[in-house]
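K.L.:
Note that the numbering used here has the sequence shown beginning at 1, numbered continuously upward.
It cannot be assumed that every hint is accurate.
[Claimed, not checked] Below, in silico cross-link-like pairs of lysine-lysine (BS3-like), each with a Cα-Cα straight-line distance of 30 Å or less:
no.	residue 1	residue 2
1	Lys120	Lys101
2	Lys27	Lys100
3	Lys137	Lys162
4	Lys100	Lys32
[Said to hold, decoys possible] Label-pair ranges, simulated between beta-carbon atoms:
no.	residue 1	residue 2	range
5	Met84	Glu22	25 to 33 Å
6	Gly31	Lys162	51 to 59 Å
7	Ile78	Trp39	12 to 20 Å
8	Leu108	Lys148	42 to 50 Å
Hints were generated in silico from the structure; no laboratory data involved.
Heads up, the beta-carbon is just placed ideally off N, CA and C, and yes, glycines get one too.
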Amino acid sequence: MDEIAAALKDSGVRFLWVTRDETCRLKDICGKMGLVVTWCDQLRVLLHPSIGGYWTHCGWNSVIEGVFSGVPFLTFPIAMDQPMISKIIVEDWKIGWRVKKDDKLDTLVTREEIVVLIRKFMDLDSDLGNDLRKRAKELQLLCQDAIKIGGSSETNINAFLKNIVQSGLSHEGSNEGSNGLQAHVAIENFN
């Protein structure tokens, strides 16, 4: 954590760091370049136009909020499914870079490597960085289209509920079909 904090300070890039542990000590290391807090409304922060990138451990909820916000990622997986999610961000969606050269959990990265990466990542004149930002905005638009009326989210939930209703009606007269009417009411409320 100290190396990351020192690298953030040395990068010259302003930042907001949300961490549950050791905030006082990290504030001292980071100096005045950044704000270190224990909590924030993550989606609200990510949607703010001043946010140019998102360093993440690759927890799925955080990734979904970042994609919805249209920001590029610096991935730093720590455990479990996070290396796989990092791969999706970097290799499949092409909206981020790895902080470490690979997704192995025991790989170390130096302060100097982090400084170079952050500066390159936040450089608005960098073609590579601009490609990430452009692709992140494209995925953001796909997310916005999905949640519009008539979008894929509405279509899929309605298909799911219709399936429940049909399943319930096919079991009419048995105890299994007793929820059919409730599902039908739910689908009527969605339309």
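K.L.:
Does each hint hold? Answer for all of them.
P.N.:
Do the hints match the structure? See the list:
Restraint check for Lys120 and Lys101: the C-alpha separation of about 15 Å stays at or below 30 Å, so the hint holds. Of the supplied pair hints, the one linking Lys27 and Lys100 holds, its CA atoms being roughly 24 Å apart against a limit of 30 Å. With a CA separation close to 33 Å, the supplied pair Lys137 and Lys162 exceeds the 30 Å bound. Taking the CA atoms of Lys100 and Lys32, the gap is about 26 Å. The hint holds against a cut of 30 Å.
Distance hint check: the CB atoms of Met84 and Glu22 are about 28 Å apart, consistent with the given range 25 to 33 Å. A C-beta distance of roughly 57 Å is found between Gly31 and Lys162, which places it inside the suggested range of 51 to 59 Å. Distance hint for Ile78 and Trp39: a CB-CB separation of about 19 Å, consistent with the stated range 12 to 20 Å. Between Leu108 and Lys148 the CB atoms are about 44 Å apart, so this pair conforms to the stated range of 42 to 50 Å.
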